[in-house]
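Residue 1 is where the sequence shown starts when you use the UniProt record's numbering, and the numbers rise one by one after that.
Among the hints, a few may not be true.
Taking CB as the label site, the calculated pair distances span [said to hold, decoys possible]:
id : residue 1 : residue 2 : range
1  : Glu162    : Arg3      : 31 to 39 Å
2  : Glu72     : Glu136    : 19 to 27 Å
3  : Pro71     : Gly48     : 24 to 32 Å
Think of the hints as simulated: they come from the structure by calculation, not from any bench.
Idealized CB from N, CA, C, for every residue including glycine.
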Amino acid sequence: MDRAVDRDVLSAAAWLHDIGRPLERVGEIDDHDEWATAETRELLADEGVAADRIDAIAHCLRTHSIRSSSPEPESPEAKLLFDADKLDATGTVGIVRLACVVGERSGRTGTQYAHLDDASTHEATTDRPDVSLLREWARERLEQLHTPPARRLGRSRWRFMEGFFEQFESEIGVRADA
1 MDRAVDRDVL SAAAWLHDIG RPLERVGEID DHDEWATAET RELLADEGVA
51 ADRIDAIAHC LRTHSIRSSS PEPESPEAKL LFDADKLDAT GTVGIVRLAC
101 VVGERSGRTG TQYAHLDDAS THEATTDRPD VSLLREWARE RLEQLHTPPA
151 RRLGRSRWRF MEGFFEQFES EIGVRADA
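Please construct the entire structure, taking both the sequences and the accompanying hints into account.
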């Protein structure tokens, strides 16, 4: 890191980065990080927070996503938030979260969002992901980590996830290379 981390900026960004996620899940907004950035600017300005601090927090919020529309994180705080957010979606917690997201989306739409335990299905389609796409989802996040400590932790979590996915595929009768 080029400079010391501003823990106040990082803490505020950590608290606020996903405030738009519930609205995105129900389709009220399209981009939770863009919405959170705008909403946070207004909230913090109303509280009298200095403009430079608001800008620093807003940068963290706007860059924490892996969407193609999201700019790259530049500040140490933004890189740390990005990495923490991606690490939170990997490992044991990430696997459970992925399963919950699939269930939530299936329940909301009334149709099966993904097929995760169907041995007769060996390939995913763009409209019906399978466990191989969940693996890619996790790998993409880990490949984008910015800080050396996050990359080390990411490698450890990836090893766990690989073992999990291999065991999962073995139990349902689908090989990763099939």
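For each hint, the structure was consulted:
In this structure the supplied range 31 to 39 Å holds for Glu162 paired with Arg3, their Cβ-Cβ distance being about 36 Å. About 21 Å separates the C-beta atoms of Glu72 and Glu136, a value consistent with the hinted range of 19 to 27 Å. Checked against the hint of 24 to 32 Å, the C-beta distance between Pro71 and Gly48 comes to roughly 27 Å, which is consistent with it.
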